[in-house]
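Protein chains in written order, with my numbering: chain A, 1 to 126; chain B, 1 to 503; chain C, 1 to 766; chain D, 1 to 157; chain E, 1 to 145; chain F, 1 to 89; chain G, 1 to 115.
Fair warning: there could be bad hints in the mix.
[Said to hold, decoys possible] Under the rule of at most 20 Å between Cα atoms (straight-line distance), these lysine to any residue pairs were calculated in the SDA-like manner:
no., chain 1, residue 1, chain 2, residue 2
1, B, LYS194, C, ILE426
2, B, LYS356, C, GLU150
3, F, LYS26, C, SER615
4, A, LYS100, D, ARG142
5, D, LYS126, A, GLU105
6, B, LYS356, C, ALA711
7, D, LYS66, A, ALA15
8, C, LYS760, E, GLU142
9, C, LYS760, E, SER143
10, D, LYS66, A, VAL69
11, B, LYS194, C, VAL703
12, G, LYS111, C, ASN559
13, C, LYS153, B, GLU199
14, C, LYS760, B, ARG102
15, B, LYS356, C, THR547
16, D, LYS87, A, ARG104
17, D, LYS66, A, GLY50
18, G, LYS111, B, LYS194
19, A, LYS100, D, GLU138
20, A, LYS100, D, LEU145
21, B, LYS423, C, ARG548
22, G, LYS111, B, GLY360
23, C, LYS99, C, ALA156
24, B, LYS194, C, GLU702
25, E, LYS111, D, ARG142
26, D, LYS126, A, SER116
27, D, LYS87, A, GLY50
28, C, LYS760, B, ARG23
29, A, LYS100, D, LEU141
30, B, LYS423, C, TRP545
31, B, LYS423, C, ALA156
32, F, LYS26, A, GLY50
33, C, LYS295, C, ILE426
34, E, LYS111, G, GLY60
35, C, LYS760, G, GLU100
36, D, LYS126, A, ASP101
To be clear, the hints were calculated from the coordinates, so they are not data collected in a lab.
Here the structure is a predicted model, which means the values were calculated and not measured.
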Amino acid sequence: MIDLIIGAFLISGAAFMLLAALGILRLPDLPTRMHSSTKAGALGAMLIMGGVVLGFAQWLALARGVAIVLFIMMTTPIAAHAIGRAGYLIGVPLWDGTIKDELRENYDSRTHSLRSDAADDDEPRV
Amino acid sequence: MSLAVAPILVPLFFGALSLALWRYRIAQRVLGLAGTLVLLLVSVRLLQVVHAEGMVVLHMGGWAAPLGITLAVDMLGAIMVALTGITGLAIALFSMGDTPERHEHFGYYPLMHLLLAGVVGSFVTGDIFNLYVWFEVMLIASFALLTLGGERAQMEGAIKYVTLNLFSSAIFLSAVGILYGLLGTLNMADIALKIDQVENTALINVVAVMFMVAFGIKASAFPLFFWLPASYHTPLVGVSALFAGLLTKVGVYALFRMFTIVFDHDIAYTHEILVWVAGFTMLSGVLGAAAQYEFRRILSFHIVSQIGYMILGLALFTPLAIIGGVFYIMHHIIVKTTLFLISGVTYRLTGTHELKALGGYYRSRPMLSILFLIPAFSLAGMPPLSGFFAKFIVIRAGIEAQAWGVTAVALLVGLLTLYSMTKIWAEVFWKAAPDTESGAVTEGSAAANTAGLGWMYTAIAGLAACTLFIGLNGEPIYALAETAAQQLLNPDRYIEAVLEARP
Amino acid sequence: MLPAVLSGFILALFAPLICRVAGDRCGWVFALLPATLFVWFAGLLPDVMANGAQVVRYPWFPAMDVNLDFLVDGLSLMFALLISGIGTFILIYAGGYLKGHAFLGRFYVCMLSFMASMLGVVLSDNLVTFFVFWELTSITSYLLIGFEHEDVKARASALQGLFVTVAGGLALMAGLIMLATVAGSYSLSGVLASEADLIGHEWAVPMLLCILAGAFTKSAQVPFHFWLPNAMAAPTPVSAFLHSATMVKAGVYLLARLNPALGEAQLWTLLLSLFGGLTMFTGAFLAITHTGAKKVLAYSTIMALGTLVMLIGIGTHYALVAFATFLIAHSLYKGALFMIAGILDHETGTKDVAEMGGLARLMPVTAIAAAVAALSLAGLPPLLGFVGKELMFEAVLEAPAWQRLLPVLAVGAGIGVMVAAGIIAIKPFFGERRETPKHPHEAPLSMLAGPVVLAGLSLLFGVALFIPEQTLVGPVVASLGGVAQKVHLSLWHGVNLPLMLSLGCLLVAVVILRFWSSLQPQLAIVRDGLGRFGPEAGYFRIMEWLTRIATWQTRVLQNGTMGNYMITLALTTVGITGFTLFTQYGLPLRLPVPDSGFAAGIALLMVMSAFFATSTISRLGAVAAMSVVGFAVALIFILFSAPDLGITQILVETLTVILLVLVLFRLPGFTRMSSPLERGRDIIVAVLFGSLMTVLILAATEVQFFDPISAEHVARSVSDGHGRNIVNVILVDFRALDTLGEIFVLALAATGVYSMIRFKAEEQSA
Amino acid sequence: MIPFFWNVILALLWVALTGSFSGGNLLAGFFFGYLALAVLQRHVPVLYGYSQRAPRFLAFAVFFLKELIVANVRVAYDVITPVWYMKPGVIAMRLEAETDIEITLVANLISLTPGTLSLDVSDDRKVLYIHAMFMADEQELRDSLQELERRILRVLR
Amino acid sequence: MKEANTLILRTAALFLVPMQLLFSVFLLLRGHDEPGGGFIAGLVASGAVVLFLFSYGVSATRELLRVDPRDFLGVGLLIGLASIVPSLVLGQPAMTAQWWAIPLPGGDYYKFSTPLIFDVGVYLTVIGSILTMVVGLSESEESDA
Amino acid sequence: MNGFVLTLVYSMLALAMLMAAIRLGKGPSLPDRVVALELISSMVVGIIGVHALDTGVLSFLDVAIVVALVAFLAAIGFARFIERGGPRE
Amino acid sequence: METLMAYIVGALFAAALYMMLRRSIVKLVIGLMLISNAANLLIFTVAGMREGAPPLIPEGAQVPASAVADPLPQALILTAIVIAFGVLAFSVVLIHRAYEVVGTDDLDRMKDTDT
Ligand code: NA
Ligand code: NA
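Bound conformation, chain A alone (with noise of 0.2 Å):
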């Protein structure tokens, strides 16, 4: 039964780190890729680590899980965060599809600041 969990938890977390692959592989731009890769990457190495947790049966095993678990959920967003921002300011392009962007207009990228929204700005728009 517990060999059963843990086969699960395993399975299903390589499961999602092979979706993450392939979402990258196969989404047509930069923040979709990233959508698929961090999230599911990292909820796929979470659930690996529960897996392993479970396997070894250990309060030391409990407590590297934990501590990776955690050290996951908080660089993964800020790298994401990071290279997202840098794609996305660069003008990495955007999908066909996207259907809205109210982040460019705000942003002026040769002092890189960035509005709250420049709907509210007096300044005539260039």
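Assemble chains B, C, D, E, F and G with the ligands onto chain A, guided by the hints.
Relative to the frame of chain A, chains B, C, D, E, F and G with the ligands by itself:
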């Protein structure tokens, strides 16, 4: 008794301390002098002890060989360490007068100490991987010294120096790995012992040849020397001199160490290769110099050429030949350093290394001229200087071994060396100083130029005195070389000393 | 004996000081040393005559068979006497000649060292010590020839002399080592007394050739004669001493010295006679084609040297007697004549004899001395030169080899030398008085003393032949292997063939001298025409080729192209290692069968990423791919039981990326620079290298000769190392020294990086 | 108070990592945690008081895990199906979070949820720009994002 | 040039940096028994400071470190060398390890040793080296801009 | 642990890594590659976990901790590079 | 596995050398990274590879329960990795400085110090 490690720890300590005190220029200078002086004292003491006891073995951490790293200082090692001490002190003295403040600020002295540490470490270690580590310490210290100053030529030279030397390191490391895979040990004595028990030595030969390539690059042997002439003339003169005196000799030392104590199982194969290498190294180096018209470039190419003599001593593998090789190393370290330092004085006074733009020093600076003549003629093997006796022993060994071809080359190369030395003499010293329009700075035009010359002269004069001493009183030097050769040709004693003597 | 040889060197050390103190009279001061030595050497003569050769030993480097041993016999003493005796006057003379010269001190340093070296050459018993002094004469003469060093020609001549003599010297060194090896002794006396079959040994021919190469170059034998006249660029006292009386005689001395040991060899006789004879003739011919007094004298020296070598080669009793006599005669008159030539150019301001005339009235003493010396040079009675020449003719006529050639050469040389004597002694002093740049008058005493005494001795010895016969010639002949008791010198031997030959020579010479001025241009044309194919042209060609080959080699090898360097290194590695492996071990090819599919996948991913990194044009892509390589390597480490390595690898990889990113920012992107052909070449080299490493690993994993020592590490890690992570225990305890070195590597790298980044920046801001 | 909280956390983390629950080890963890904080203390902004947040935190954790899995499945479905159902876009979201920590946590948790990705915060920290994958119903998206923010703030405040 | 970092990164760094530093000390201290050791720990600690550097810039990092990275270097090396001193003082072969049991409150003992001192030296040297390089590069980047 | 499950998990992870590596190779933009690299580092965490379980060596998890804690720095570095105006490859 | 690794390591060496032969100095970086990885893996391979037996000793034990992987090559490689890192860091900055000072990234145009 931890004397064997003292010559490593001294420069390491002084290097670390001057790194820690990087803010204080005076401390750097004081430590620079003090450190090299202490190193010299320690190394002389080590030489004394080795002379008295035959060998000094230290199992680091108390881990008996082959478990830990064993330092094994035989006569060759002790000689090399002592020479390092001499060279180090000379360079430190010279640097007091020549190294610009900015260079001092950016770690000149720590780099110098640590370079010396790497060199000494290579000489005293009895562990093949530890040798790799010290090689790297030395190498990266040399990288840093080579680029210190950031001039264009330095960068260009350094790229080649770094790349080719890293290739050598990779080969070295791979060879160590394969050797460990085959024999399961890293201690040189243990390796030697085990090689003697191997019946089919084909793979041992392969590893030996890999080491030959790796050390051949470090020693700047033909056809692996390109990095040296490309870079040695680019850094500060003190650095050039330090490199010229010591760095290639570490490669030569490694060849001597490995191809006597360790790889003596198939002389007919390995050392025959070395004979050819020696011949071509001598010839290609000296011809390279003949095409040069820049003080340090000429000297650089001559390093290559002289390396050939040393390798020849090893390659012939007779007792006399090994003596000759060791003697040659001793002579060359001192003489080459002196010559480079002299180029520093002329550079200081004229601001150029181009022979064309130099001149007039025999008229204006007779003392310097004499100080040049001594090592220059010594390098060319003219009697009664150290180089003559070095060459004489090697040639005699060559003739007695009936190695006619390579001996003839050695003789011819001596002549061509003289050609280069007289070229420098005629252009830099005899020739009248060229007009200032030629781009050079005339002496005395900048009064500050002569600041520190006293330090520089002290270093040069000290080294020249060593050359004279070896030439005029070579007997004790010869005796040292003889002891070294005896030990190298009797690996059993080395093996016994390392593997039996437990702390 | 040791003080006698070394005193010159020691005095040389103080020469500049003495010059400063003694001023213009320093020449006289210095002369005290050779004068004293002369007297001392002379005092040794009776003992040597009575008891034969003596050896005085001082150990120097006994382990190397190098000792300061001295051999005192007739030959060495005669040379020592000539050197110290003539040296005395030369030193005095130089004081006058170079009066007020700024570098007089340095001059005396070299001169005294030279004299001492020369004494060392002729007195050494040890072959190596002999060679040491031999080379010292080359060095000191180099410095002396180049004394006027700001003159290009002086520098070139000095180099030429040095190059030729040292080239020969190196051959000589080989020859002497061979000689010593064969004879089993490094001492001359040992060689001479050796029981070994020197002549029949298989090394005999190369040994002889090497020794002769040394002697011939030093003694300016054809075809190495050209450097000697050029050496006249030196100040006259130097020429007088070095190239007439002493240095060039070193080669002759060596041949004479070895004659007892090697004289029996057929090759010895053949070569010495032939080259000596040719040199004798060539020297005489070239002498009369020149108009400069020093040039004429220089060529006549070559003639004399040839004569001496030839006489050794002939080796008969007459020849040996002739050798000794001719040697003494030549030293005396040549020393005198050179000094006179120096007086002439000193007083007239020109070196060209053709521009002088009628000087006898202005400088009668000089003229008389010149006349006497020249008569001796010409070989006319009653001077010692005459005796020497007659004996020479005698020897030539009974020569064991080249019997037809040598007499012809001898007669030709006799004529030439007489003409030369006329040119020197008659042209300047007699005939019409000609205007010269300076107004000449008699030279000061310091300059006159030498010529007068030496010329006087030429006359005295000629008249009172018993003096040289008993004191010098006899002992010399004994040293040469002849019988001293048979030596008998006399002016008059009756009307014999040599005398007739001399008369014939004289007649022809007078005729030539009569028309010399008008013949001179034609002679010069012949000389220059021959010169174009002569050995000196060969010397220049060799020097040119040296530069050319050197430049070519540098262009090929050290061409600055990194790619070529790397290819050479790689191919050398592949070639030498591969050759060893294939010839000695074989080709250990196995197909890869992975036992772990997952690990194999990771490994493949690693290679794919590596290949991608090498082929992409996106440098950041390459960096990212390298990260994947790093992860893959880390995974291999982890999968195969190396967690520490895995962690380290990942950390290092991450920090490497950070460094790269910080730096690559300011570097250009990847560009394709090489042609497809070059890329193809590089791929081949790379594949060869990779293949080599593969087969090396395959071979190394087939065999394991011994179990690794690390079993003990494992066993003692907890008990003795107090740690359960064996790798870490190795790193910080078993092999802590490695780690110590390693952290210094890091610190050094950081220091280097810091200085590279900040050095220029702070320089600019400063 | 705040530094002390962090100190305890760090000490516990230490104990968890070393796996040794002895008092000495806790003290060591406290000590090293103190060192780490001492290094950083000048840069830690003032935090609000901390009390009774554990239950809310647990509730939030459950909520978030559910969101994480659901959203992941949604993205996964789109990835494995050949046709794209997604309608991606970038929206500006007015932030209620004020402090650095609040904003950061909100942004990161939004990023961690599949289908939304925080790109940047405006310079005046009033707006969070979010790339969203499924914007077919923008209002629903905004609502769910605001719900997430609200729950986070409830844990923090 | 304006720091391109964002509020999110900066705030996250405040959480992550202490964790990384703490973890590095953990790796350092238990390296003798489990994977870790001075070098690995030093790399982790360097990573932490690099994160801080990337978030807050050079001058803030210098403030954080309080001393110049080059000081870490020298001190680290000297500590590494100092670990040799006990063996020399005791007249044993250089680098012979010395072990001392330090009593901890609660009855435990901590095994303190020269290898540990050595590892601390390694740790500091690694930090000093990497920071010297990275801080130097960042500084020159800033001065270029 | 069940051998089949482990083989399956290993295979899935290997395949996933391969696909991520392909994206890394294809780009087209640098951020795309970095995202792929980030994913690979997550996978490495997973792989190490599975391997730890497979071999029963708990210590391997420490490697995973390090990866989880530090690997993202590379991405931060790349991001910084991109924002500082590195070439848009 | 050793057999496969032989080919893998060979390929890495080949790739490394190829990059070291490029004229663009930037590519040298990749070559240096690859060659050190290759050399490390060579040692790892030649010393023998063992799966799942790290050289760690369980708490309380004096020796490992079963045979473990050879720890010595691991220690060597660890040292080698560190050294390679230092060298690489230096080389990267050197290349950067060389590019700045010389003004080109073409090695064939950095010939001034030879000939
Ligand atoms: Na042996
Ligand atoms: Na999301």
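Taken at face value, is the distance from the CA of GLY50(A) to the CA of LYS66(D) at most 20 Å?
16 Å, holds
Holds or violated: are the alpha carbons of LYS111(E) and GLY60(G) at most 20 Å from each other?
15 Å, holds
Does the structure keep LYS194(B) and VAL703(C) at a Cα separation of 20 Å or less?
14 Å, holds
Compare the distance between the alpha carbons of LYS111(G) and GLY360(B) with 20 Å, and conclude whether the hinted pair is satisfied.
The given pair, whose Cα atoms are some 31 Å apart, is violated under the 20 Å limit.
Assess, step by step, whether the Cα of LYS126(D) is no farther than 20 Å from the Cα of SER116(A), and give holds or violated.
6 Å, holds
Sort out whether ILE426(C) lies within 20 Å of LYS194(B), counting only the CA atoms.
86 Å, violated
LYS760(C) paired with SER143(E) [C-alpha distance capped at 20 Å]:
12 Å, holds
Pairwise hint evaluation, ASP101(A) against LYS126(D), where the allowed Cα distance is 20 Å at most:
17 Å, holds
If you draw a straight line from the CA of LYS100(A) to the CA of ARG142(D), is it 20 Å or shorter?
Since the Cα atoms of LYS100(A) and ARG142(D) sit roughly 14 Å apart, the hinted pair holds (cutoff 20 Å).
Is LYS111(E) close enough to ARG142(D), meaning Cα to Cα at most 20 Å?
57 Å, violated
When you check the alpha-carbon spacing of LYS100(A) and LEU145(D), does it fall within 20 Å?
Status holds; Cα separation ~17 Å.
Decide if the proposed pair is consistent with the structure: LYS66(D) and ALA15(A), CA atoms, cutoff 20 Å inclusive.
18 Å, holds
Consistency note: the structure conflicts with the earlier hints numbered 1, 6, 13, 18, 22, 23, 25, 27, 32.
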